[in-house]
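Trainee: Protein chains in written order, with the numbering used here: chain F, 5 to 200; chain E, 115 to 184.
Honestly, the hints are just simulated from the structure, not real lab data.
Don't take each hint at face value.
[Said to hold, decoys possible] Taking CB as the label site, the calculated pair distances span:
no. : chain 1 : residue 1 : chain 2 : residue 2 : range
1   : F       : Ile165    : E       : Asp157    : 26 to 32 Å
2   : E       : Thr170    : F       : Thr192    : 17 to 23 Å
3   : E       : Tyr146    : F       : Gly159    : 37 to 43 Å
4   : F       : Gly88     : E       : Gln171    : 15 to 21 Å
5   : F       : Thr131    : E       : Thr170    : 36 to 42 Å
6   : F       : Val8      : E       : Asp157    : 49 to 55 Å
7   : E       : Glu153    : F       : Ser76     : 58 to 64 Å
8   : F       : Val45     : E       : Asn172    : 55 to 61 Å
9   : E       : Thr170    : F       : Thr137    : 30 to 36 Å
Note that the Cβ used here is the ideal one computed from N, Cα and C, for glycine as well.
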Amino acid sequence: MVAVLSVRTDNGGTNGSPASNNDIDALGPPSMQMRTDDQAVVDSAAPVVIPAAGTNYSFVKSSYLYCDTAPSLQINNVEFYTDGSNTLGTGVGMVVGNEMPTRNSGSTAAYIVAAGTVGTTGNEMTTFYTGITGTTDVFTFTSGSGKSISISEAGSVINAIGETTNYIVFQLTVANTASPIAATPNETGTFQYDEI
Amino acid sequence: MTNPSTVKPADTFDERRGNAPEGTEYDTRIHYISIPTTEEELDASRPPINSRQKITQNSEAFDIRNSGFD
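Based on the sequences and whatever the hints tell you, model everything.
Mentor: Here it is as structure tokens:
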């Protein structure tokens with residue numbers, strides 16, 4: 005059987021215990037909106053405030069691939085990539101945590117609640133997300149040269165409903181060189197995987 | 115008994131032109147190949163399941179949006 009996977013984010017709750025997991029496929033088309041609150045919605049609320057100096061951030065998104073329909077045998081070799089071209093606008097970027105905190109069908113213990121000042125800026129992820137010590141510009145990951153995504157299920161594969169990848173944590177960065185705008189064009193993120 | 119190291123396969127020399135070195139001995143032994151016939155033998159001769167499965171590369175794309183900048 006061909007597997008069905010969804011991109012999800014964990015939100016709210018407390019460290020190690022998210023209040024909800026949200027299937028962003030339901031925000032058709034599948035959408036992950038970077039904003040200055042911890043909501044899995046798409047609307048015009050909660051923009052990032054452009055700082056007078058330095059950089060402001062969106063709240064982090066603790067995302068992962070979730071198995072809705074199991075494959076015949078297994079899924080592995082998961083990678084994340086973009087088109088390699090940042091069209092988010094001057095001074096705006098997006099990063100992904102270098103490390104992937106453990107998430108699997110049996111544990112969300114490594115989950116850290118998104119933090120920041122609602123409506124203004126999120127906290128930079130390496131300052132509060134335990135286990136993440138560095139970030140990388142997502143646009144350095146392209147098809148054929150993606151970010152390898154780890155799996156902490158049995159055998160390091162996904163082969164049953166409810167199994168997931170580890171957390172892939174995203175964050176928008178907004179420098180003081182950015183210009184006020186209602187929203188800039190969407191970018192596309194892609195998770196690719198081998199299925200047997 | 116023939117020393118195995120001196121036995122040459124029949125196609126090593128161009129014996130069709132009759133120029134094989136004098137005294138050359140040819141390996142005329144019959145070699146048997148085992149062909150599985152029973153279900154158990156057939157199963158044993160198959161590769162592991164993982165290597166028989168076809169791997170497909172699939173993907174899940176999503177929009178990266180923002181709610182603007184003030």
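Trainee: Hint by hint, say whether it matches the structure.
Mentor: Structure-based check of each hint:
no.	hint	verdict
1	F/Ile165 / E/Asp157: 26 to 32 Å	30 Å, holds
2	E/Thr170 / F/Thr192: 17 to 23 Å	21 Å, holds
3	E/Tyr146 / F/Gly159: 37 to 43 Å	41 Å, holds
4	F/Gly88 / E/Gln171: 15 to 21 Å	19 Å, holds
5	F/Thr131 / E/Thr170: 36 to 42 Å	41 Å, holds
6	F/Val8 / E/Asp157: 49 to 55 Å	33 Å, violated
7	E/Glu153 / F/Ser76: 58 to 64 Å	24 Å, violated
8	F/Val45 / E/Asn172: 55 to 61 Å	27 Å, violated
9	E/Thr170 / F/Thr137: 30 to 36 Å	35 Å, holds
In the structure shown, a violation is registered for the earlier hints numbered 6, 7, 8, in ascending order.
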